[in-house]
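Taken in order, these protein sequences are the chains called A and B. FYI, the numbering for the first sequence is 1 to 197, going by the UniProt record's numbering. FYI, the numbering for the second sequence is 1 to 580, going by the UniProt record's numbering.
Treat the hints as calculated values from the structure; they're not laboratory data. These numbers were taken from a predicted model, which means no experiment stands behind them. Check each hint, because a few of them may be wrong.
[To be verified] Label pairs and their calculated CB-CB ranges: (1) A/Glu35 <-> B/Gly115: 44 to 50 Å; (2) B/Glu124 <-> A/Gly90: 36 to 42 Å; (3) A/Ala169 <-> B/Glu395: 17 to 23 Å; (4) B/Leu397 <-> A/Ser43: 30 to 36 Å; (5) B/Glu124 <-> A/Ala88: 35 to 41 Å; (6) B/Asn41 <-> A/Glu94: 44 to 50 Å; (7) A/Ala88 <-> B/Gly289: 39 to 45 Å; (8) B/Ala471 <-> A/Gly90: 26 to 32 Å; (9) A/Glu32 <-> B/Arg481: 42 to 48 Å; (10) B/Arg481 <-> A/Ala88: 54 to 60 Å.
All residues carry an ideal CB built from backbone N, CA and C; glycine is no exception.
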Amino acid sequence: MPLGMKRLIFLTVAGLAAAYTGSASADGFTAEQAEAGKSAYNSNCARCHGFQLEGPDAPGLAGRDVMMNWDTAGGLYDFISVAMPPEAPGELGEETYVNIIAYIMSFNGAQPGEKPLAVGDEMYEVSLAAETAAGASAASAAAPAEESSPATAVPQAFTWGKQLPGGPAPAAPAEAAKPSVPQAFTWGKKLPSANGQ
Amino acid sequence: MKFSIKSLLAATTVLVAVSSPLYAQDAKREYTPVTDEMHANPPAEDWLSFRGAYNNQGFSKLDLINKDTVGKLQLAWAWPMAEAGIQETAPLVHDGVMFLQTNNNIVEALDAKTGDRLWTYRHELAQLPASWSYQLNQARRQKNSIALYQDKVVLTTADAKIVVLNAADGKVVWEKQVLDYNLGYSYTVGPIVVDNKIISAISGCSIAGTAGGCYILAHDFETGEELWRFNTIDDPDNEEQQKSWGDVPPENRWGGTPWTTGAYDPETRTTVWGIGMPGPYSELIRGSGDGNVLYTNSTLALDIDTGKLKWYYQHLPRDNWDLDSPFERMIVEQDGKKMVVTVPGKNGIAFGLDFDTGKYLWHKETVYQNVVSKIDPDGTVHINEDLVPQAVGEEHLVCTSVSGGKLWQAGAYSPLTQAYYVPLTEACNTVAPTQTEFTAGNAVGATKFGPRVLPEGQTMAGLVQAIQVGATEGTTKWDYRSRPAPTSSVLATAGGLVFGGDAAREIKAWDQETGEVVWSQRLNAPIGGYPSTYAIDGEQYLVVPTGYSNSASSISSAFPEIPLPTGSGNSIFVFKLPKQ
Numbered sequence: 001m002p003l004g005m006k007r008l009i010f011l012t013v014a015g016l017a018a019a020y021t022g023s024a025s026a027d028g029f030t031a032e033q034a035e036a037g038k039s040a041y042n043s044n045c046a047r048c049h050g051f052q053l054e055g056p057d058a059p060g061l062a063g064r065d066v067m068m069n070w071d072t073a074g075g076l077y078d079f080i081s082v083a084m085p086p087e088a089p090g091e092l093g094e095e096t097y098v099n100i101i102a103y104i105m106s107f108n109g110a111q112p113g114e115k116p117l118a119v120g121d122e123m124y125e126v127s128l129a130a131e132t133a134a135g136a137s138a139a140s141a142a143a144p145a146e147e148s149s150p151a152t153a154v155p156q157a158f159t160w161g162k163q164l165p166g167g168p169a170p171a172a173p174a175e176a177a178k179p180s181v182p183q184a185f186t187w188g189k190k191l192p193s194a195n196g197q
Numbered sequence: 001m002k003f004s005i006k007s008l009l010a011a012t013t014v015l016v017a018v019s020s021p022l023y024a025q026d027a028k029r030e031y032t033p034v035t036d037e038m039h040a041n042p043p044a045e046d047w048l049s050f051r052g053a054y055n056n057q058g059f060s061k062l063d064l065i066n067k068d069t070v071g072k073l074q075l076a077w078a079w080p081m082a083e084a085g086i087q088e089t090a091p092l093v094h095d096g097v098m099f100l101q102t103n104n105n106i107v108e109a110l111d112a113k114t115g116d117r118l119w120t121y122r123h124e125l126a127q128l129p130a131s132w133s134y135q136l137n138q139a140r141r142q143k144n145s146i147a148l149y150q151d152k153v154v155l156t157t158a159d160a161k162i163v164v165l166n167a168a169d170g171k172v173v174w175e176k177q178v179l180d181y182n183l184g185y186s187y188t189v190g191p192i193v194v195d196n197k198i199i200s201a202i203s204g205c206s207i208a209g210t211a212g213g214c215y216i217l218a219h220d221f222e223t224g225e226e227l228w229r230f231n232t233i234d235d236p237d238n239e240e241q242q243k244s245w246g247d248v249p250p251e252n253r254w255g256g257t258p259w260t261t262g263a264y265d266p267e268t269r270t271t272v273w274g275i276g277m278p279g280p281y282s283e284l285i286r287g288s289g290d291g292n293v294l295y296t297n298s299t300l301a302l303d304i305d306t307g308k309l310k311w312y313y314q315h316l317p318r319d320n321w322d323l324d325s326p327f328e329r330m331i332v333e334q335d336g337k338k339m340v341v342t343v344p345g346k347n348g349i350a351f352g353l354d355f356d357t358g359k360y361l362w363h364k365e366t367v368y369q370n371v372v373s374k375i376d377p378d379g380t381v382h383i384n385e386d387l388v389p390q391a392v393g394e395e396h397l398v399c400t401s402v403s404g405g406k407l408w409q410a411g412a413y414s415p416l417t418q419a420y421y422v423p424l425t426e427a428c429n430t431v432a433p434t435q436t437e438f439t440a441g442n443a444v445g446a447t448k449f450g451p452r453v454l455p456e457g458q459t460m461a462g463l464v465q466a467i468q469v470g471a472t473e474g475t476t477k478w479d480y481r482s483r484p485a486p487t488s489s490v491l492a493t494a495g496g497l498v499f500g501g502d503a504a505r506e507i508k509a510w511d512q513e514t515g516e517v518v519w520s521q522r523l524n525a526p527i528g529g530y531p532s533t534y535a536i537d538g539e540q541y542l543v544v545p546t547g548y549s550n551s552a553s554s555i556s557s558a559f560p561e562i563p564l565p566t567g568s569g570n571s572i573f574v575f576k577l578p579k580q
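Can you build the whole structure from these sequences, using the hints too?
Set out below in structure tokens:
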């Protein structure tokens, strides 16, 4: 099947990251939280999600799309503090869940800071995509087979690169160093935001 | 046409199959080639396909195990599966040989009487980058990926190949790369084989690289030559289909995955398949406006000779919540007229359709759902537009959840009662669109989901519902509610029983008429896959798969008093009645 690319909007990784770095604060969590979170993750989560957060017996937790889908540290907390781990859902305690989120962010490239991550409204201000932007792209580039894979460039949504309500401002069209994968039809478009952003 | 397994084991080859000498007690095993006629009307002692027969009813004619005898069931033998991962297997049995497919496309042949292993085939899967985690996960949740035909086993693989094995020794006869796994294509369900055509359906169509095409395909059984393919998201013969995606061109369309094996009617040479959700999940990100995004969440009826569409019916237009509708379509006769009967989608709504035309006959709600507001007498489905996000991050509580409602676990139909027995889960989750850059090997959902929670006021996650199937309506015959969720498909038998199991590791038998539990046995792990039954030497056996289960883990917070095991436990347990 030919991969039609005529509607694709190519963005450089750097250009894309720029769309998100506005809210990056590098103080989403502390190094101590990430360190404690690593231990908690490895004993409670890695059995299914993998020691490199790769899965495969449960969804992988590394990568740019994963960070963008969970949106904020609060979004991830809301899920795992109720549903995970399946054999003891919601039973690890608030501090452990927070530490595990710090570790997942750290693994994805986010840098620790002075201010600890804590349960509360501020958690929903910590953008996973922004905090991990540089690191996530580095992490996926580190996968050995990926450089030579024919499918590194994938289609994006029809809306990719477009301003959607509630979405980030579209990055300036890049000179296109490295084509990305196909994106949503609406990618890069301005979409309405539930938060009135 | 009979062959001896023993005589075929001497060959030295470089094929991937791992064979070992056959140490079965009987010196020579006769294996009758499996024909179309057998698939249409299976011998009672066999379980030839994932739902037992072309009609997908999940019914066995065996009746030795019945209400009076089921309490005496004893363990005959057990066997650990060859691979971990999510357990959704369908053990098949023919002429006393059990064919057991497990994750990573390993197939084992076992002596169905003794549990001795006859051969093992381990597919050499393509190695993918670790960052392609969604795609890698597909190899660990294989559903039922084998079919028996003639003297062969037909396997569809996670790296998008069809592999045909000798039933006698597991050696490869031919294999064919059907689609490019580097784009994300992957088989997760097995084919049906009809009139020398292998009808298969590809998965992975929500992975970024597969934009523009998701297929049901036919290949020649002898040569592997492709005969036709039908694209579920881009039909040049149907203008209405194209318009239903609004401005979105084929190269930005995803989804439409037919991820449950279809049914077949030999008389009309028609196969019916169910189709999954669109991608991205929300229309805001998809860019498709209020379009219905055909043929997602539809039933398709295809001519097996041409691959042309005979009719379609859309069960959930304009999906915004990842509520796939690909699940088992059964062909059932009522008052001399053929119907498609199904709970096609995660929202749990049952449908009866006219088999010849696809015309809507009736629907019936099961678990609590809030996404469909109304279905007109002509079958037009109206969605609850209040739940359609208008902005990135706009969150709604949607029932059912992305894990169902209904999920892959198939229901079964009993001609004795004319009832359809369906395993279901009461669940809701929040859904909010995200604007996400897609990456290779990963899905294009672009959605943040909240944890699965029970609907307000509900304390019981599990529901097995018996739906009385009529020509003009479906009604509730009985409900069986439980704290834990059902995690296996169900089996109906001529013994008047329905077998199925749950996250609490209980395999149960219900009275088809009343819903009374007449037998229960606790095993090592959540009950999974597709329990089936067969007979050898006048004795009836019941095989029950167990193991790690997404259906259990996704909703386990609803029944915290029943802790799930932390080991995979993937196994089969085989029961029979004591010798008289």
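Are there hints from earlier that the structure breaks, and if so, what are their numbers?
6, 8, 10
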